[in-house]
Amino acid sequence: MANSENIIELKHISRTFEDGFAAVSDFNLEVKRGEFVTFLGPSGCGKTTTLRMIAGFDMPTEGDILLDGKDISKLPPNERPINTVFQRYALFPHMNIYDNIAFGLKQKKTPKEEIRKKVKKVLELVDLEGFEKRSVSTLSGGQQQRVAIARALVNEPEILLLDEPLGALDLKMRKEMQIELKAMHDELGITFIYVTHDQEEALTMSDKIVVMSEGRIQQIGTPEDIYNEPQNAFVADFIGESNIFNGIMTGALEARFAGGHFKCVDDVAEGTQITAVVRPEDIEIVKPGEGQIRGRVISVIFKGIHYEITVQSGRYEVVIQSTKSAKVGDEVGMKVEPDGIHIMIAEDHTNIFPVDMNRSHRLEFNGKELWTSLTQIIKGSRRNENGELLDENGEVIDPEKIHISAAIEPQDIQMTDDIDDEKVLVEGTISNLIYKGDHYSYVLNTDLGQDFIVDDEYLWNMGDRVGLILPADKMRFSVKK
Amino acid sequence: MTKKLIRGLIPVIALIFLYAPILILAVYSFTDATQIGAIRGFTLKNYVTLFTTEELRNMILGTILLALASALLATLFGTLGAIGAFYSRKRVSSAVSTVNQIPVINADVVTGFSLCILLVVVLGISKDTYLPLLFGHVTLSAPFVYLSVMPKLKQMDSSLYEAALDLGATPASALFRVVIPQIFSGMVSGFSLAVTLSLDDYFIATYTKPATFDTISTYVVNATKGSQTAIKTALWALSTLIFVIVILIVLGLNLRARRADRSDLRKEAGR
Chain A
1 MANSENIIEL KHISRTFEDG FAAVSDFNLE VKRGEFVTFL GPSGCGKTTT LRMIAGFDMP
61 TEGDILLDGK DISKLPPNER PINTVFQRYA LFPHMNIYDN IAFGLKQKKT PKEEIRKKVK
121 KVLELVDLEG FEKRSVSTLS GGQQQRVAIA RALVNEPEIL LLDEPLGALD LKMRKEMQIE
181 LKAMHDELGI TFIYVTHDQE EALTMSDKIV VMSEGRIQQI GTPEDIYNEP QNAFVADFIG
241 ESNIFNGIMT GALEARFAGG HFKCVDDVAE GTQITAVVRP EDIEIVKPGE GQIRGRVISV
301 IFKGIHYEIT VQSGRYEVVI QSTKSAKVGD EVGMKVEPDG IHIMIAEDHT NIFPVDMNRS
361 HRLEFNGKEL WTSLTQIIKG SRRNENGELL DENGEVIDPE KIHISAAIEP QDIQMTDDID
421 DEKVLVEGTI SNLIYKGDHY SYVLNTDLGQ DFIVDDEYLW NMGDRVGLIL PADKMRFSVK
481 K
Chain B
1001 MTKKLIRGLI PVIALIFLYA PILILAVYSF TDATQIGAIR GFTLKNYVTL FTTEELRNMI
1061 LGTILLALAS ALLATLFGTL GAIGAFYSRK RVSSAVSTVN QIPVINADVV TGFSLCILLV
1121 VVLGISKDTY LPLLFGHVTL SAPFVYLSVM PKLKQMDSSL YEAALDLGAT PASALFRVVI
1181 PQIFSGMVSG FSLAVTLSLD DYFIATYTKP ATFDTISTYV VNATKGSQTA IKTALWALST
1241 LIFVIVILIV LGLNLRARRA DRSDLRKEAG R
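Going down the list, the protein sequences come from chains A and B.
Residue numbering for the first sequence follows the numbering used here, starting at 1 and increasing by one per position.
Residue numbering for the second sequence follows the numbering used here, starting at 1001 and increasing by one per position.
Misleading hints may appear alongside valid ones.
No more than 27 Å apart at the CA atoms, straight line, and that leaves these computed lysine-lysine pairs for DSS-like [said to hold, decoys possible]:
#1 A/K133 / B/K1152
#2 A/K379 / A/K303
#3 A/K379 / A/K401
#4 A/K74 / B/K1090
Sample of chain B residues at the chain A side, in silico, Cβ under 10 Å [stated by the list, open to error]:
#5 I1024
#6 G1062
#7 A1069
#8 M1156
#9 D1157
#10 S1159
#11 L1160
#12 Y1161
#13 D1166
#14 G1168
#15 A1169
#16 R1177
#17 Q1182
In case anyone wonders, no lab produced these hints; they're calculated from the structure.
All C-beta atoms in this analysis are idealised placements derived from N, C-alpha and C, irrespective of residue type, glycine included.
Bound-form chain A, shown alone (with noise of 0.2 Å):
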């Protein structure tokens, strides 16, 4: 029996497309009812196609869609009890704004005076009593969006989806509709899911924030626990704003970091290396020599309320967010209150992928061979006079049989422009990258499927092509057999 506080439970969803391409890997989440959950990511991280699969445009190639414990993963939308406000509005051009809304109910054969009522409640809830019988192209944006919500929600559904709805909006129209639509959910006690790349849409409006990225969940949570307690180094760099700087446990609720040390409220092991996230408003200003470290101002930029200041520490890079301004060249200390940093255990980015033997007994990565000696990666083995590669009994090694993978720190890997250079040995895009103080974490797809994360100081731009230069004499192997 399934657990009747979730109204909607998502497991284990995944969707590919027919060009190999995950959309959306292994995605796990239960709604609560009455809950307003935000999926939030940038774009292309697979929160819309998510929620197309909520609403039954898109079929999920593996998982189930559980509805109130019953799947309904293969039901056509039109059979769903949930309705969708979709991102363009997408109202019926040909039809009044009554029509327009009164279309699902027709659609269920609800008698003709029901369905005059129930619009009429329903243009008052959004606030465009009297718009009966004018036409949709008669309206501005935001009338158009509150009839597209209006006509969603006459149906009574016990989901409403919400595509980016107010993406298309002004600044200031956005904020009201904002406030409106949180009140709207307060009022109705429908379940609203949420699709927005915009984090402040999300911290605003959610009861919980389902943080995306590249068809993956990165976190789920309240927006106090994403903003103050982010899981990894996405989540702390998409959030708000952020310096993330890799560093070590140096003893109990100690840290060392971007050249200092510093004492922390999370209990983690000493030695475990970390990623440690600071929040630019957490940084306090101090006299040299005072604070953990110090550094000098190379700029200063006026934000209205705040002073954004850079200064660079060593190699580090640090952003505080001050009301107080400083004088670019000023020799400044630094100082971060424990509770004020935020540890994270560093993720494991050893890339790890599978590299073929050919025919002539060598190994190779993207049909292009890596000078390496065989015969020491794997125990017993020799050549023979053929250069064939014998095992620890004196058989030919079959290289169909044997599978050997590859491990190499991201910061091994060199990136270059120069695609054609021979020791290239694949070709990727950037689809990532996030700043750690004093070198950007770049992630790349290659069209092997295989991504690949590397380390470099320098900064790359998102969709740049580059060619990949993985030295042999980095690489550790191992083989499976």
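Fit chain B to the given chain A structure using the hints.
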């Protein structure tokens, strides 16, 4: 001065070249002249012949029926094809678009002749069933319907269909209540184009029509070769009538378009 004169004259000369032939025909259709030359007197005799000669009446009626029936079928197939291609994957869609262009560009002679071979010689369908003629005209005009419906589909917000499904409509109901109204103007212009193409066609009709049946085009070509002067001069009246009807239709369409523009403007102003 002379420059100005020439600039004014050129459009006049162009218009004369365009309209003088049909005007001469129109004037002569009201006379008792048997050939273009001296006019002896004015009479409506040609119009009377046109509507009283059974052969002529049947020919006109048959042509119109053929035009309407083939246009209806072409609109159906062309629209279905466009909707199908629009909602297909990109590769399928662009393949269909390319295949659709070939009959548009291909010479009518080739289309007519090859249709005749396929339907009459290979499949053995008798020309007397009118089916080869009907198929021929549908083949001729369906690609043009496709071409006039496709841009309307592309203009349409692609989430409209999904919105209808989302609100509980079945796929068929979403098609008829949401998609068709969006592309209806494209279907109407496709239909009118199909009617015109069928009326205009000579080559496909000669290859596929039953021996005893004639469309206006095939009839006119044969009649002008013959020596039956009464019929020949009646065709002047027919040409004049067709010209007048076309002018009326064009005027009507322009008036309607202007009125639609104005009501759009009013809507804009009402914002």
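Next item in the hint list is B/A1169. Is there a CB on chain A closer than 10 Å to its CB?
holds, 5 Å
Take the shortest C-beta to C-beta distance between B/R1177 and chain A; is it under 10 Å?
Hint holds; B/R1177 Cβ to chain A Cβ min 8 Å, cut 10 Å.
Interface hint check: B/Q1182, Cβ to nearest Cβ on chain A, cutoff 10 Å. Holds or violated?
holds, 7 Å
Supplied contact hint for B/I1024, tested at 10 Å Cβ to chain A
violated, 47 Å
Answer holds if the nearest beta-carbon of chain A is closer than 10 Å to that of B/L1160; otherwise answer violated.
Since chain A brings a Cβ to about 5 Å from B/L1160, closer than 10 Å, the hint holds.
Less than 10 Å between beta-carbons is the criterion; does B/M1156 satisfy it with respect to chain A?
With a minimum Cβ separation of about 9 Å from chain A (threshold 10 Å), the hint on B/M1156 holds.
When the nearest CB of chain A is found for B/A1069, is that gap smaller than 10 Å?
At 28 Å from the nearest chain A Cβ, B/A1069 fails the 10 Å test, so the hint is violated.
Going by Cβ atoms only, is B/G1062 closer than 10 Å to chain A?
violated, 37 Å
For the hint on B/S1159, just tell me whether its beta-carbon gets within less than 10 Å of chain A.
holds, 4 Å
Does B/D1157 pass the interface check with chain A, least Cβ-Cβ distance below 10 Å?
holds, 6 Å
Given B/G1168 was flagged as interface, is its beta-carbon under 10 Å from a beta-carbon of chain A?
holds, 4 Å
A/K379 and A/K303: Cα distance at most 27 Å?
Violated, because 62 Å separates the two Cα atoms, which is more than 27 Å.
Hints 2, 5, 6 and 7, counting from the list given before, are not met by this structure.
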